[in-house]
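Student: Build the full structure now, drawing on both the sequences and the hints.
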Amino acid sequence: MDLQLELNKAGGFKNLELLAKQVVEGFIAGMHKSPFHGFSAEFAEHKIYNQGESTKHIDWKLFAKTDRLYTKRYDEETNLRCHLILDNSTSMHYPESAGTTIDNLNKSAFSALACASLMHILKKQRDAVGLSIYSDAYDFYSPEKGSERHHQMLLSKLSEAVISKPESKSTETYMFLHQIAEKIHRRSLIFVFTDMFQTSEDDEKLFEALRHLKHNKHEVVLFHVFDKKQELDFEFDNRPKRFIDVETGEYINLYPDNIKENYTKAVNTYFNTLKLKCGQYRIKYVEADIRKGFNQILTTYMIERQKFI
Numbered sequence: 001m002d003l004q005l006e007l008n009k010a011g012g013f014k015n016l017e018l019l020a021k022q023v024v025e026g027f028i029a030g031m032h033k034s035p036f037h038g039f040s041a042e043f044a045e046h047k048i049y050n051q052g053e054s055t056k057h058i059d060w061k062l063f064a065k066t067d068r069l070y071t072k073r074y075d076e077e078t079n080l081r082c083h084l085i086l087d088n089s090t091s092m093h094y095p096e097s098a099g100t101t102i103d104n105l106n107k108s109a110f111s112a113l114a115c116a117s118l119m120h121i122l123k124k125q126r127d128a129v130g131l132s133i134y135s136d137a138y139d140f141y142s143p144e145k146g147s148e149r150h151h152q153m154l155l156s157k158l159s160e161a162v163i164s165k166p167e168s169k170s171t172e173t174y175m176f177l178h179q180i181a182e183k184i185h186r187r188s189l190i191f192v193f194t195d196m197f198q199t200s201e202d203d204e205k206l207f208e209a210l211r212h213l214k215h216n217k218h219e220v221v222l223f224h225v226f227d228k229k230q231e232l233d234f235e236f237d238n239r240p241k242r243f244i245d246v247e248t249g250e251y252i253n254l255y256p257d258n259i260k261e262n263y264t265k266a267v268n269t270y271f272n273t274l275k276l277k278c279g280q281y282r283i284k285y286v287e288a289d290i291r292k293g294f295n296q297i298l299t300t301y302m303i304e305r306q307k308f309i
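Each step along the sequence shown adds one to the number in the UniProt record's numbering, with nothing skipped, and position 307 is 307.
Keep in mind that the hints are not guaranteed to be accurate.
What the hints assert, rightly or not - Simulated pairs of lysine-lysine, DSS-like, Cα-Cα distance not exceeding 25 Å:
hint, residue 1, residue 2
1, Lys228, Lys241
2, Lys284, Lys229
3, Lys217, Lys292
4, Lys157, Lys123
5, Lys284, Lys307
6, Lys124, Lys307
7, Lys183, Lys14
8, Lys260, Lys275
9, Lys145, Lys123
10, Lys183, Lys284
11, Lys183, Lys229
12, Lys260, Lys217
13, Lys123, Lys21
14, Lys124, Lys21
15, Lys157, Lys21
16, Lys123, Lys307
17, Lys145, Lys183
18, Lys307, Lys183
19, Lys228, Lys214
20, Lys228, Lys165
21, Lys14, Lys165
22, Lys21, Lys47
23, Lys47, Lys61
24, Lys14, Lys72
25, Lys56, Lys124
26, Lys72, Lys123
27, Lys123, Lys217
28, Lys228, Lys217
29, Lys265, Lys228
30, Lys165, Lys56
31, Lys228, Lys284
32, Lys275, Lys241
33, Lys277, Lys265
34, Lys260, Lys284
35, Lys229, Lys165
36, Lys14, Lys157
Rather than coming from a laboratory, the hints here were simulated on the basis of the structure.
Just so you know, these numbers come straight off a predicted model, no measurement behind them.
Tutor: Listed below in structure tokens is the structure:
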């Protein structure tokens with residue numbers, strides 16, 4: 001029996017929906033002013049009730065005072081479509097030692113929980129949400145819907161993604177983004193969760209695909225998911241280690257301190273290039289350090305939603 005395989009099968013989130021709810025509630029509790037103010041379906045005005053209309057929004061308190069039936073009219077009801085894109089390639093399952101507890105997440109689990117947290121807010125706002133997941137293949141696509149059944153189905157797919165590490169080492173991110181862009185026809189707010197690691201294509205093709213996502217007046221936010229401590233700052237103890245490229249299988253044996261300076265310089269240059277390219281193409285770039293929690297993700301959503309509508 002392959003013990004590691006069995007452990008992976010037994011892993012995953014025990015209750016992703018509950019965990020997402022805790023993330024969102026914790027975020028709101030940490031704000032001096034609720035970020036939901038101005039985003040929910042807020043009361044706008046009264047209008048006279050017409051026979052045959054739904055009685056759901058009748059203002060009974062006003063009826064008690066005036067003896068006339070009025071209904072409440074609301075602003076911003078179900079006026080947002082959001083599509084979440086999750087990169088579930090091999091590199092997204094780093095660190096391999098991480099689990100699915102909120103304080104110990106790999107990049108894939110962090111992104112899945114971030115998506116679930118956004119979905120929790122979207123559900124409360126009665127907005128429509130869709131989901132795409134890709135790895136070495138286009139694993140899953142679902143258009144934007146707002147039903148409870150749809151919500152539960154997407155949560156299930158996110159949970160599956162966390163434990164379904166792809167066998168193939170290469171991921172054609174640009175190709176899948178083009179395919180996703182062709183499927184999203186109505187104006188939407190699009191969130192992409194990826195570590196931006198690729199081996200087979202140059203960066204220009206990837207940004208061409210991101211630009212494609214912006215057609216039909218979509219707004220695109222790129223959440224660059226990474227482990228800052230290890231993947232950017234290269235903080236490892238200076239003992240001989242074997243570093244393996246999970247996308248290609250290539251490896252190198254060395255002492256971390258011997259290459260730390262050159263490595264951090266090269267990676268910082270790459271990250272800065274990503275930021276500049278995103279700015280050039282009017283794609284919002286957001287660093288998403290898996291060790292920093294979800295406040296940056298949810299704050300970005302709140303700001304972008306307000307701008308979008």
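Student: Are the hints correct? Go through all of them and say.
Tutor: Do the hints match the structure? See the list:
1. Between lysine 228 and lysine 241 the CA atoms are separated by roughly 19 Å; this keeps the pair inside 25 Å, and the hint holds.
2. This hinted pair checks out: lysine 284 and lysine 229 have alpha carbons roughly 23 Å apart, not beyond 25 Å.
3. Between the alpha carbons of lysine 217 and lysine 292 the distance comes to roughly 31 Å, so the proposed pair goes past 25 Å and is violated.
4. For the hint linking lysine 157 to lysine 123, the alpha-carbon distance of about 17 Å falls within 25 Å, and the restraint holds.
5. Proposed proximity of lysine 284 and lysine 307 is supported: the alpha carbons are some 12 Å apart, at most 25 Å.
6. The hinted pair formed by lysine 124 and lysine 307 meets the criterion: a straight-line CA distance of about 19 Å does not exceed 25 Å.
7. This hinted pair does not check out: lysine 183 and lysine 14 have alpha carbons roughly 31 Å apart, beyond 25 Å.
8. Taking the CA atoms of lysine 260 and lysine 275, the gap is about 22 Å. The hint holds against a cut of 25 Å.
9. Distance hint between lysine 145 and lysine 123 is fulfilled; the C-alpha atoms sit about 10 Å from each other, no more than 25 Å.
10. Between lysine 183 and lysine 284, the direct Cα distance comes to roughly 21 Å. Compliance with the 25 Å bound is thereby established for this hinted pair.
11. Between the alpha carbons of lysine 183 and lysine 229 the distance comes to roughly 36 Å, so the proposed pair goes past 25 Å and is violated.
12. Annotation: proposed proximity of lysine 260 to lysine 217 is violated, straight-line Cα distance about 42 Å (limit 25 Å).
13. Between the alpha carbons of lysine 123 and lysine 21 the distance comes to roughly 11 Å, so the proposed pair stays at or under 25 Å and holds.
14. This hinted pair checks out: lysine 124 and lysine 21 have alpha carbons roughly 11 Å apart, not beyond 25 Å.
15. Taking the CA atoms of lysine 157 and lysine 21, the gap is about 17 Å. The hint holds against a cut of 25 Å.
16. Of the pairs offered as hints, the one joining lysine 123 and lysine 307 holds, with about 19 Å between alpha carbons and a cut-off of 25 Å not exceeded.
17. Restraint check: the Cα-Cα separation between lysine 145 and lysine 183 comes to about 14 Å, which is no more than 25 Å; the hinted pair holds.
18. A hinted pair counts as satisfied when its Cα atoms are at most 25 Å apart, and lysine 307 with lysine 183 qualifies at roughly 23 Å.
19. Taking the CA atoms of lysine 228 and lysine 214, the gap is about 28 Å. The hint is violated against a cut of 25 Å.
20. Distance restraint check for lysine 228 and lysine 165: the Cα-Cα separation of roughly 22 Å lies within the 25 Å cut-off, and the hinted pair is therefore satisfied.
21. For the given pair, lysine 14 sits about 18 Å from lysine 165 by alpha-carbon distance, which is consistent with the 25 Å threshold.
22. Between lysine 21 and lysine 47 the CA atoms are separated by roughly 35 Å; this puts the pair beyond 25 Å, and the hint is violated.
23. For the given pair, lysine 47 sits about 14 Å from lysine 61 by alpha-carbon distance, which is consistent with the 25 Å threshold.
24. With a C-alpha separation of about 40 Å, the suggested pair lysine 14 and lysine 72 falls outside the 25 Å cut-off, and the hint is violated.
25. Using a Cα cut-off of 25 Å, the hinted pair lysine 56 and lysine 124 holds, with the two alpha carbons roughly 17 Å apart.
26. Distance restraint check for lysine 72 and lysine 123: the Cα-Cα separation of roughly 21 Å lies within the 25 Å cut-off, and the hinted pair is therefore satisfied.
27. Using a Cα cut-off of 25 Å, the hinted pair lysine 123 and lysine 217 holds, with the two alpha carbons roughly 23 Å apart.
28. For the hint linking lysine 228 to lysine 217, the alpha-carbon distance of about 32 Å lies beyond 25 Å, and the restraint is violated.
29. Distance hint between lysine 265 and lysine 228 is fulfilled; the C-alpha atoms sit about 14 Å from each other, no more than 25 Å.
30. Taking the CA atoms of lysine 165 and lysine 56, the gap is near 46 Å; set against the 25 Å cutoff, the hint is violated.
31. Distance restraint check for lysine 228 and lysine 284: the Cα-Cα separation of roughly 19 Å lies within the 25 Å cut-off, and the hinted pair is therefore satisfied.
32. At most 25 Å may separate the alpha-carbon atoms for a hinted pair to count; lysine 275 and lysine 241 exceed this at roughly 31 Å.
33. This hinted pair checks out: lysine 277 and lysine 265 have alpha carbons roughly 18 Å apart, not beyond 25 Å.
34. Only pairs whose Cα atoms come within 25 Å are accepted, and lysine 260 paired with lysine 284 is rejected, the gap being roughly 29 Å.
35. In summary, the hint linking lysine 229 to lysine 165 is supported, as the alpha carbons are separated by about 23 Å, within the 25 Å threshold.
36. Taking the CA atoms of lysine 14 and lysine 157, the gap is about 13 Å. The hint holds against a cut of 25 Å.
The structure fails to meet hints 3, 7, 11, 12, 19, 22, 24, 28, 30, 32 and 34 from the earlier list, while all remaining hints are met.
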